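> These protein sequence lines are chains A and B, in that order.
All residue numbers for the first sequence refer to this note's numbering, where the first residue is 1 and numbers rise by one.
All residue numbers for the second sequence refer to this note's numbering, where the first residue is 1 and numbers rise by one.
If you are wondering where the hints come from, they were derived from the structure by calculation, not from laboratory data.
Since the structure is predicted, the reported quantities are computational estimates derived from the model, not experimental observations.
Each hint should be verified, as a subset may be incorrect.
Stated by the list, open to error - From chain A, some residues computed to sit far from chain B (all C-beta separations above 10 Å):
#1 L45
#2 V90
#3 A101
#4 N103
#5 V105
#6 E115
#7 K154
#8 L171
#9 K182
#10 F216
#11 Y227
What the hints assert, rightly or not - Example chain A residues on the side facing chain B (calculated, C-beta under 8 Å, incomplete):
#12 I73
#13 D136
#14 Q147
#15 A152
#16 I205
For every residue, glycine included, the Cβ atom is placed at its ideal position computed from N, Cα and C.
Each chain, letter by letter, is given below.
Number of protein chains: 2
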Amino acid sequence: MSNVSQKKAVILVSGGLDSATTLAIAKSQGYACYALSFDYGQRSLSEINAAKRVTAHFDVIEHKFINLDLRAIGGSALTDDGINVPTEGVAQDIPVTYVPARNTVFLSLALGWAEVLGATDIFIGVNAVDYSGYPDCRPDFIQAFTQLANVATKAGVEGQQFHIHTPLINLTKGQIIEQGLKLGMDYSLTVSCYQATDEGLACGICDSCRLRKQGFEQADIVDPTRYQM
Amino acid sequence: MSNVSQKKAVILVSGGLDSATTLAIAKSQGYACYALSFDYGQRSLSEINAAKRVTAHFDVIEHKFINLDLRAIGGSALTDDGINVPTEGVAQDIPVTYVPARNTVFLSLALGWAEVLGATDIFIGVNAVDYSGYPDCRPDFIQAFTQLANVATKAGVEGQQFHIHTPLINLTKGQIIEQGLKLGMDYSLTVSCYQATDEGLACGICDSCRLRKQGFEQADIVDPTRYQM
């Protein structure tokens with residue numbers, strides 16, 4: 001339960017492994033946690049169901065869902081059915097699963113909600129080690145967004161400083177899993193797959209599945225993911 | 001009509017006087033114009049109808065509407081029915097019509113669409129002269145967003161430079177109106193009022209109405225706005 005002296009934070013929660021661990025970390029740091037998720041036209045409902053399980057597990061103050069159909073923009077395998085999710089292995093280039101400006105959009109809405117709540121702390125589970133090369137997962141992006149937040153808002157203009165927390169940014173997937181387990185995370189609640197079934201069964205071969213699998217191997221932990229095959 | 005050599009631009013169009021003039025300017029500069037509007041839970045449908053009239057008037061290539069219910073966040077007289085729109089005159093402080101992070105959210109989605117279109121030009125009708133003191137209408141904000149855009153996107157990482165055009169930022173409301181009229185704008189198509197009726201009748205006393213009225217007086221132009229009283 002929260003108490004009045006607790007600092008509030010907004011945590012972006014997708015239902016995947018990284019954001020679930022980020023929520024666990026925010027909680028362990030004593031924040032009153034306000035979880036924010038998006039229904040953005042993902043390929044699978046399982047992501048949203050996973051987000052609900054994760055926030056229930058950690059007993060957040062509030063879990064808000066915002067409907068924002070990024071399919072209206074398209075341009076990604078995750079938001080356009082005409083573009084296939086790659087399953088051949090993680091490549092060096094920015095892959096077609098990149099959703100244009102996604103983290104900018106998500107952080108903007110987190111910023112808006114934070115300002116309404118009177119919070120200046122926002123947590124996002126970006127990772128620049130075992131990741132898919134998305135530009136909006138890198139420290140440069142987070143730094144630029146922080147600068148923006150402080151000039152974009154009434155709170156910023158009035159002298160408050162926003163802090164975008166990225167506790168996973170320099171961790172390997174294995175280290176992320178180890179840290180989450182120490183904090184009571186149950187990874188069977190999470191779904192990382194880009195094309196999971198609505199029941200939450202993972203494909204095992206998309207980039208996100210491969211990075212997740214590799215993480216459990218790195219951490220030498222039994223992988224609780226339910227695969228389709 | 002567009003042709004293949006035209007540069008594409010995304011223009012944020014709300015249906016108000018400023019964004020309509022901004023579209024007129026983008027068009028006059030030879031851009032292939034892609035208009036972007038939001039249904040964000042505004043108090044009145046008239047804003048959306050006005051946006052449709054304005055983009056039809058200027059024959060844009062595409063006019064996209066994104067549903068994004070900012071009422072989920074609230075915190076503003078424009079997105080929370082429990083907060084009244086002030087009608088006592090434009091004050092010095094940032095007013096309760098400020099929508100937390102609104103222009104950050106809108107520009108983020110414009111950025112995403114621009115990237116999908118292969119465009120690097122985005123137009124927004126912010127104004128820092130005859131305005132309501134919103135932090136996300138100032139040059140500092142635009143500069144910070146531009147820096148963000150260039151690190152947040154695949155296009156930016158690949159060396160393209162985004163340009164956020166703010167042709168109105170240093171103009172008075174009167175100058176904006178004069179410029180629009182020269183470019184064929186018909187301001188009777190636009191609705192600026194924060195609490196217009198669904199038929200587009202303006203209240204005449206909210207800050208937005210007051211600034212608009214003052215603009216027509218400055219420009220010595222007959223005000224075509226339809227008022228409720």
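> Decide, hint by hint, whether the structure agrees.
To see whether the hints hold, each was checked on the structure:
no.: 1; hint: L45; result: holds (19 Å)
no.: 2; hint: V90; result: holds (16 Å)
no.: 3; hint: A101; result: violated (4 Å)
no.: 4; hint: N103; result: violated (7 Å)
no.: 5; hint: V105; result: violated (4 Å)
no.: 6; hint: E115; result: violated (4 Å)
no.: 7; hint: K154; result: violated (5 Å)
no.: 8; hint: L171; result: holds (21 Å)
no.: 9; hint: K182; result: holds (32 Å)
no.: 10; hint: F216; result: holds (29 Å)
no.: 11; hint: Y227; result: holds (30 Å)
no.: 12; hint: I73; result: holds (5 Å)
no.: 13; hint: D136; result: holds (5 Å)
no.: 14; hint: Q147; result: holds (5 Å)
no.: 15; hint: A152; result: holds (5 Å)
no.: 16; hint: I205; result: violated (23 Å)
Checked against the numbered hints given earlier, the structure breaks hints 3, 4, 5, 6, 7, 16 and satisfies all the rest.
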